[in-house]
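Asker: Here are the chains, one letter per residue:
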Amino acid sequence: MEVALKIWRYDPESGERDLREYEVDAPEWACLLDVLDLIKDKHDGTLAYRKSCRMMICGSCGMRMDGRAVLACKERMKPIADAGHVPVISAMGNLPIVKDLVVDMEPFWGKIRAMKPGSTPATTRSPPRSASSRSSR
Amino acid sequence: MNAIHKEALCIMCGCCVSECNSMESDPEFLGPAALAKGFRFVGDVRDQADVARLNDYNQDHGIWDCTRCYFCNERCPKGVDPRDAIAKLGAESIRLNIDHDMGAKHAKWFVTSAKTTGWLRETELVPKTQGTLAAIKQIGFALDLAKHGKVPPPFPPHVAKNVREARDLHDLVREQGREGAAGIVQGEHALAQIEHVLSADPTARPQAASRRRSQEARVAATEATRVAYYKGCLASLSAKELDISTQALAPKLGLELDELESVTCCGAGDIHEAEPDYYLHLNARILAYAEQTGCETLMTICNVCTLNLRQANWQLKNDDNLRARVSANLETVGAPPYDGTVDVKHLLWLIAEGDGFERLKTVAHKGLKGLKVAPFYGCQILRPSKLLGFEDPDQPWSLEAIIEACGGEPVDYPAKIKCCGFPIIQAREETALGELIQPIEQASEAGADAIVTPCPLCHLSLDAWQSKLRKQPARTSPCRSCTSRS
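Protein chains in written order, with the working numbering: chain A, 841 to 977; chain B, 66 to 551.
In short, the hints are calculated from the structure, not lab data.
Careful: at least some of the hints might be erroneous.
[What the hints assert, rightly or not] One-sided and incomplete, this derived list gives chain B residues near chain A with beta-carbon spacing under 8 angstroms:
| no. | residue |
| --- | --- |
| 1 | A99 |
| 2 | R140 |
| 3 | A207 |
[As the list claims (entries may be wrong)] Below, a list of computed lysine-lysine pairs in the DSS-like style, where the Cα atoms sit at most 30 angstroms apart:
| no. | chain 1 | residue 1 | chain 2 | residue 2 |
| --- | --- | --- | --- | --- |
| 4 | A | K918 | B | K212 |
| 5 | A | K891 | B | K143 |
| 6 | B | K173 | A | K956 |
| 7 | A | K846 | B | K451 |
| 8 | B | K451 | A | K914 |
| 9 | B | K143 | A | K956 |
| 10 | A | K914 | A | K882 |
| 11 | B | K533 | B | K212 |
[To be verified] Some chain B residues well away from chain A (every beta-carbon gap over 12 angstroms; in silico):
| no. | residue |
| --- | --- |
| 12 | H70 |
| 13 | C75 |
| 14 | G79 |
| 15 | G103 |
| 16 | F106 |
| 17 | P142 |
| 18 | A200 |
| 19 | G214 |
| 20 | Q357 |
| 21 | T362 |
| 22 | F455 |
| 23 | E506 |
| 24 | S509 |
Quantities reported herein were computed from a predicted structural model and do not represent experimental measurements.
Note that CB positions come from ideal geometry on N, CA and C, so glycine has one too.
Here chain A stands alone, though its shape is the one from the complex (with noise of 0.2 angstroms):
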């Protein structure tokens, strides 16, 4: 199936924005990301995108397509070819961008660390509310 993709670039160096178009041949069953895959090795090096697991469990290929946030292994691409859609896909919003699809995580991680995200267990454990103080509500 042949798909088509616009993909918003993104040059750090030269601080570039520019929307490129690509179009790969790909197996029926690709999804977003298989098609990236495909482009990196047989058309364009140069893209960078985030990915790892490939199968909805490891979080790391987040970006927009048409203005959405996916994850790029869990959007099959078959209906979107069938249609005859060229769809845009951008990096995440509302956080920097690296280089293209890859955005700077670190101030998601930031607010991740400040929930104190580890158990506390009873050992350490802040002095509990007294039963009047709920009672008196």
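Since the structure of chain A is provided, determine the placement of chain B on it from the hints.
Answerer: This is chain B only, laid out in the frame that chain A set:
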């Protein structure tokens, strides 16, 4: 269901953060992913630091900065529903008396209103949220609102019929041990069964509809559909024009309105966040009175009422045990039980489905002729689409069709599906105004003469709060806004 089942599904991909409207306006906002992670620990029975955690999360840029745009729920690829996690944190905070934040006070005032007068005590909301001193500083703004008929007089209070039932219901559910996050978790069994299908018939789009013969529409116009009409708080208070125009328009669209009297506020998302079990019961009571009229459809005219009622309705329809408990409580206080037979629809959808546009065309007298009109959908008529499910939340079309049917020219702009900031406009004004500026600026750049919205809350912020945007340097906002029926 395990209280933290959904939050534990998070893979920290950042899709929710990418779309967060509050974070766009306030980059320091903790955001949906982090707050969902927070509830993963607050809701975990093994974790003993709930009070310390909630005090942390209740600071600026925390729980109460969420603008309830529901983009996070819409985008999450794993079904975490971060917005619901934030509501659970709010509910736990209020259960544990951590209510110093303006957002918490705002939410609690909705509860107080519902159990005293039934409807929102709108005029007192600002002093109760911001404190008397801060409210006095707003007096100039308030006078300006009053001049435009946007401040309902507090006396005589607007009291719902049979409000005693709402009061008794509050005392009753409080004794049943479903306070705090448990009130939201109890509905998740039913919410998990939602199939994500849009109900709108694509052929109802105006291009197809306009090809139909108008004679056909005129024949159909003789039969009226009776619907239960829930007007909500604002259409009785600061947005009376919405009720007046709805009452005038409905018969021309073939709708016979059976107005509900013994009903209260839906909670506007605030009671859902403060006392979710009470929220469920208040909405069940509205649905039960709607069912009693014998109508199949409960019609709303506000985005927030639509989401709150549809969410409660889905939970009650799809969980027999939950419905049995809620119905028994309703009967205890003297209200009818709810059998789960009503469907909740916004007036916009009732127009958009069937031959609504054709009927509108014949009665609209080309009222918007020569005007470029920007549709503004707002959030809670589009997202979460699995609960609302009328049209594609990213490419909606129903308002455009209404503008065309009324003779206007719709203009397109990206922010038409984003948040107006209204839910946090009193607790976090700066963040809210940062959201509000987007649709107003984009619509006016697109050449719009006016904005049309299906929600009286969006209308209030787009219209009334524009004056605050004007006062900020380099921000001009020459756009009028009107509700879709005025």
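Asker: Can you list which hints this structure breaks, lowest number first?
Answerer: 3, 4, 13, 14, 15, 16 and 17
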